[in-house]
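Q: For reference, the chains in residue letters:
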Amino acid sequence: MAKILTKTVAAPALEAREEPLVVYSRRRILWLRTRKALTERYFWLGLCGVVAFFVGWDLAYRFELPRMEKLESPLSTFREFTLPPRGAFTYNPALESKWGYGIWGKAWYTDIGMSVWRISQAFLWSLLGIPLGLLMGWKRAIRDFVFAPFELMRPIPPISWVPLAIVMFPTQEAPIVFLCTIASFFAVTLNTLLGVDSIDPVYFRAARCLGSSEWQIFRHVIVPGAMPFIFTGMLIGLGVAWFSLVGGEIIAGTWGLGYRTMDAYMNVATPQLLIAMFTIGFIGMLMGVGLRMLQRRVLAWKSKTGEAI
Amino acid sequence: MPPDRHTGRVECRAVTKMFGEEWARQVVVDDASFVVEQGQLNVMIGPSGCGKSTLINLIAGYEAPTSGEIRLDGERIEGPGRDRLVVFQETALFPWMTSLENVMFGPEVRGTNRREARQEARRLLEKVGLKGFEDKYPSQLSGGMQRRCELARALINQPKIMLMDEPFRGLDAMTRELMQEYLLRLFEESRHTVLFVTSELEEAIFLADRLLILTAKPTSVKEVLTVDLPRPRDFHVLTSPRYGELKQEALEALYEEAVKAFAKGSKAAYDLVEAFGKRVGGG
Amino acid sequence: MRAAGAAKWACILWTLVCAGLGFFRFFDTTFPLNPPPGVHGELHIALQAMRAYRFWGAIWLAPAVGLLVVWRMKREVDEDPAVLRTKAERRRPLATRVRKAVLNVHTLRSALGVLAVLVVWQVAEPLGIPIVNRIPPFSEVVVRFFDDRGLFWRDKYWAGWVISLFRIFSGFVLALIIGVPQGLAWGISRTWKAASFPVFEIFRPIPPLAFLPAAIYLMPTAELSIILVIFLGAYFTIVLNTINGVYNVDKSMQRAALSLGAKRGDIFWKVVFPGTLPSIITGATVGMGITWMVLVAAEMIAGRSGIGFLTWESYTAGDIPQVVVGMASMGVGGAICSAIIWRLGNNLTPWRRLF
Amino acid sequence: MTDLPGFLATVEIFKDLGRETLERIAGICEEKRFAKGAIVYRTGEVPDSLYILTRGAVSHPSLIEARGSTDGLVRTPGELFGIAAVVEEMKRRVFTVECLEETVACAVNGARLREILKMDPSTGYIVMQRFAGLMAKVEGFVPARGGGLSIRHAGKIYDPEGVHVVAVEDCSFDVAPGGLCVVVGPSGCGKTTLLNTIAGFDTLTAGEIYLDGRLIAAPGRDLKPGPDRIVVFQHGALFPWKTVLDNITFGPVVQRKMSRKEAETEARTLMVKVGIAGIESQYPGEISSGMRRRVEIVRALINDPMILLLDEPFRALDALTKSVMHEYLLELYDLSHKTVFFITHDLEEAIFLADLVVVMTTRPGRVKKLIAVDLPRPRTYRLLSSKRFLELKQETIEGVHEEALKAFEAGERELA
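Chain order of the listed sequences is A, B, C and D. All residue numbers for the first sequence refer to the numbering used here, where the first residue is 20 and numbers rise by one. All residue numbers for the second sequence refer to the numbering used here, where the first residue is 1007 and numbers rise by one. All residue numbers for the third sequence refer to the numbering used here, where the first residue is 3 and numbers rise by one. All residue numbers for the fourth sequence refer to the numbering used here, where the first residue is 507 and numbers rise by one.
One or more hints might be untrue.
Taking beta-carbon pairs under 8 Å as the criterion, some of the chain D residues facing chain A (in silico) [said to hold, decoys possible]:
| no. | residue |
| --- | --- |
| 1 | PHE513 |
| 2 | ALA705 |
| 3 | GLY732 |
| 4 | VAL737 |
| 5 | GLN761 |
| 6 | PHE895 |
| 7 | LEU896 |
Which bits of chain B does chain C cover? Going by a derived footprint, with three or more residues having C-beta under 8 Å, they are [stated by the list, open to error]:
| no. | segment |
| --- | --- |
| 8 | 1085–1091 |
| 9 | 1157–1166 |
| 10 | 1186–1193 |
Derived DSSO-like pairs: lysine-lysine, alpha-carbon spacing no greater than 27 Å straight-line [to be verified]:
| no. | chain 1 | residue 1 | chain 2 | residue 2 |
| --- | --- | --- | --- | --- |
| 11 | C | LYS272 | B | LYS1137 |
| 12 | B | LYS1137 | C | LYS158 |
| 13 | A | LYS158 | D | LYS730 |
| 14 | B | LYS1133 | D | LYS730 |
| 15 | C | LYS272 | C | LYS253 |
| 16 | B | LYS1142 | D | LYS730 |
| 17 | A | LYS321 | C | LYS272 |
| 18 | B | LYS1142 | C | LYS102 |
| 19 | C | LYS272 | B | LYS1142 |
No wet-lab data here; the hints were simulated from the structure. The beta-carbon is built from N, C-alpha and C at its ideal position, and this holds for glycine as well.
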């Protein structure tokens, strides 16, 4: 910066940042931000929207609207979820859950454990799709060979693999894990391939210009360039894996949240059914959030420049 | 048919505009008061990222000023309206309509019958030199042609004032020169009031009758330069000595603003300060 | 251009008429409030549906093809470079064009790839590749499909197709009819979105299949519960994509329309809606993919007929090659439906194809 | 060797050195024998000792092949080679030395020779000057400035059987080694196509292009783009996922010419020299567009290419940053003496930068006019208002304007 002429105006240093009018401490900003969010109309509107939905559901159950007799009200479901089973603390019949399927019972935790264990196994297996996608994007020959069979098998709905999976794998767990892997494998591979295609050809030319061999182009341009799409692929893969996990467990599973919904349907335990449904939704979302945080750390070059990931 | 002579005068009095919550309040326009003369080509220039576009949005009526007022021919400006034509930085043609439909959008929305609107649209497209490109989608046109189609679309409403926010930014050098000449022809023929925003100094002086130099963020009008180059102008005027003097004068004013903007840490101003430092200092 | 336009609209109208009559002939038997009980109930409906569609299909075919040919021939094409290229190519004799398209190295390689997979599948049993050898070889599957007792000659199979397509069609159209306006409404008015979007958010991450038991409770007939689950499958995707579409409509376009004097109504119909159309179409295509996934499971569990149920039925009967046939036909079905939606969408947005 | 100091005195460069300095030099002299065809040192390897030929003959094989003749390249007894050991800047001009026949040379360690010469205040420095003069002489007939580009009737047709778009037609001109050539033309006049064929991204359908006599582009000959001709792209091609330092060191590391540590130190020195120090650890997304453009040019220069190809690099920048980049490019050009092939839309920029301006017509791109710009170098911005510059501008503006109008009417869009 020394070259800048010190004419009438002295050239200030590079780091001077623009300060807002009044400087607030970090904690104060946090408080102001929450206060603003709370006083905003939209927050309350959303809240009463949700409350209205559940109250409506409860009233429908109470007034025996047609077809609602089996669908218990959310209140009793919540009660089931939070209250301990019979005999855990007190013997007061009012303070106990009929099926004990909730925070206190063991069943809920084992179901979550089984489902998450199957999903993570399947997710790891489906990560095989990333190298396959990258190779297909890299070499036209590999792409020609692999893409046609891949495209033929992709539209087959994952859950139609259930009978075949049961036949193929002798054990109890393997068919379900295979099912989820198949589902997310196709999503991950396709998105990685799209990621490689989305890389601007200018970067390939620049790399080749700088004298890099084919393998170095793969390592330095294709892999980092396709990263954003690989993460979207993983996210979609996760969603579809959950999707087919439920299907697989309903038909072929013993433990797990999907099985629980079907089992609850069999012996008409609606609270159990609803608890299982909402837990599936919640855990699915949690895993998605976790993946996004990982993405923000890995793609530092994208998040730093403020572009939407 | 050009609008009658005395309309198209914009007056801004102590206009300020603030964004964001009070803990991260950002003042973008700070008590800017200036007058856009009617029948003249006024050009606004300032260091990039100094809130020029916000000023244009305020005049176009997309955003209301936090305080102060803007008057067009006496009445306050409430919302966007037909009497103020706006041309944006990136083309705002509707990609799903052909160029003819784009130009007919104005009259159609006003309710004139389609046959009359179609004739008028064809006449205007011919005037801007897009004959034979009527049923092409904007994506099939080149940069210059998209700009001309957008101009035609706005002119069909006979606006009182034309607001142009760096319309030739994305074009390459030659198309830009041709479009500048084209705009001058259009202006000299119909004498609309034009408010043109740019960050290129050569373009500003080449087009302007009055040059408004803006300060760094928060923006206000720092200086008004009258450009007395002869009309009708063509690219030969670029090599005249008077042009050089005007350019030097504007450059001095702009330099102080660029340094202030740079002190506030704007990336774009960094290049400007270094560029100018090298020029005046090193030269 | 006139003849082409007339031919196009005549073809569309004719198709709608035939589909309507076919549907109407079949409709009164589809949703009796209390369907005949047991397996034959739904199968009986499916068989009637199949016969109705076959009859009206035959009547529809000849004139529709004629009109289509007229439309393609008469269509004037503007001299856009992309079209120029196709016109230039069309000048070359058909044989070379076909030879160039089919015999080029890429298609040969992909054919080789598919062949390799088939060979591995076929040879897996004798060679004893650990997992794959449990799958019946390709030849056995094909034979099972085309031999005299095979599905190809059975009415059950084609009726299964019709009832499955009917469920997909009704579930998907319902999702479109409710989802798109919902997405647009949420995209435009923030208050409406603030009020009802959280409820939507609660149910969005739940896989539609988890709704199946609840749907069976809620809906009177098993048929409707399947359609509800299919509806949910497509609904979430379509709504989300529509909302993204509304948000991605370029702000400067809305402002340009405003300064051209457009009122709120014009802005919606002439700027916001066409702007969101591309993302609605992508949402619909993805939604169609998901509906096929849901259909399979729903039929396996709740349905009595349809391709999914056929697959499950042949599994319970221990006939694995027929299971593979069911899977393959579902794959083909899914692919065809997605392709149809994608092509329909592209026709609706001609400007998108050009750059 | 009997009277070594005596022999040294006869060597032309040590002519009037003092007796005792000669003895000291003779003290550190050791005799070396080389068989026929032996290689004394190779290109790029910096010799650590100076060789004074006593018997036999030595030559530079690679230079002979490049220049096609051996005049002035064969060393006879009494002459020197391995001057790089003594003179610092000669490092990059080192070429393989091969013995044509049985030779004997006495080797003097360069560094110790310099100390001895420094100890002798009076004539020591004169000898050093002679060494520098010898370097300039050597540079004279050693073609230090490679990168001469000659384009013979180049033609390019896209999709010959299909739409048959003729992008470039029969275009031929020469760029002197170390010259700066700028191609000017409206959009769609085939200048990017020309650049792509030189860089090796596209194949030519007619004519040939030579770089330093070597054929680099011809129909049907798909040459790989190499580090000897590096392109700086229009919208910038810095890898957004690598930091600035990794971007710059990408070339040498990937070609395995330098280790990572070496490349980083070289990159840092080059960045300091060029004035963009301090942004090593930032990502390209975080720095201003002018700065990005500079990093990209440094990334090209670190690989020491024969020719630098610039595809409208300053188009996306605003006017004042563009003027900075012009001066900056000229500084780098004087510093590195690389041949530069520059394409642009802006006529003023072309005349200001170039030694040779090539004006192209709209599609099909033909050479409309060749203008040799004889403005003095180094060029400063005051040149823009000088009389000669305006004359040159007047001369070309009609032609270019006419082409631009034609393109403007036909709605030409960038094809390549």
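Q: None of the hints should be skipped; say for each whether it holds.
A: Results of checking the hints against the structure:
Nearest Cβ of chain A to the Cβ of PHE513/D: about 46 Å, over the 8 Å cut. The hint is violated. Interface hint status for ALA705/D: upheld, as the beta-carbon distance to the closest one in chain A is roughly 7 Å, under 8 Å. The interface hint given for GLY732/D is met, as the beta carbon of that residue sits about 6 Å from the closest beta carbon of chain A, less than 8 Å. The interface hint given for VAL737/D holds, since its Cβ lies 5 Å from the closest Cβ of chain A, which is under the 8 Å cut-off.
A hinted interface residue such as GLN761/D counts as satisfied when its beta carbon comes closer than 8 Å to some beta carbon of chain A; here the least separation is about 4 Å, so the hint holds. For PHE895/D, the interface hint is violated, since its Cβ never comes within 8 Å of a Cβ in chain A; the closest pair sits about 24 Å apart. The interface hint given for LEU896/D is broken, as the beta carbon of that residue sits about 27 Å from the closest beta carbon of chain A, more than 8 Å. Against chain C, the segment 1085–1091 of chain B contributes 6 residues with a C-beta closer than 8 Å to a partner C-beta. That satisfies the three-residue criterion, and the hint holds.
Using a Cβ-Cβ cut-off of 8 Å, 3 residues of the segment 1157–1166 of chain B lie near chain C, which meets the minimum of three, so the contact claim holds. Against chain C, the segment 1186–1193 of chain B contributes 0 residues with a C-beta closer than 8 Å to a partner C-beta. That does not satisfy the three-residue criterion, and the hint is violated. Under the criterion of a C-alpha separation no larger than 27 Å, the hint pairing LYS272/C with LYS1137/B is consistent with the structure, at around 25 Å. For a cut-off of 27 Å, the pair hint linking LYS1137/B to LYS158/C is broken: about 61 Å separates their Cα positions.
A C-alpha spacing of about 17 Å is found between LYS158/A and LYS730/D, which places the hinted pair at or below 27 Å, so the restraint holds. A threshold of 27 Å between alpha carbons decides the hint, and for LYS1133/B with LYS730/D the separation of about 49 Å lies outside it, so the pair is violated. The straight-line distance between the Cα atoms of LYS272/C and LYS253/C is roughly 14 Å, inside the 27 Å bound, and the hint therefore holds. With a CA separation close to 40 Å, the supplied pair LYS1142/B and LYS730/D exceeds the 27 Å bound.
About 35 Å separates the Cα atoms of LYS321/A and LYS272/C, which puts this hinted pair outside 27 Å; it is violated. In summary, the hint linking LYS1142/B to LYS102/C is not supported, as the alpha carbons are separated by about 31 Å, beyond the 27 Å threshold. Distance hint between LYS272/C and LYS1142/B is fulfilled; the C-alpha atoms sit about 18 Å from each other, no more than 27 Å.
The structure fails to meet hints 1, 6, 7, 10, 12, 14, 16, 17, 18 from the earlier list, while all remaining hints are met.
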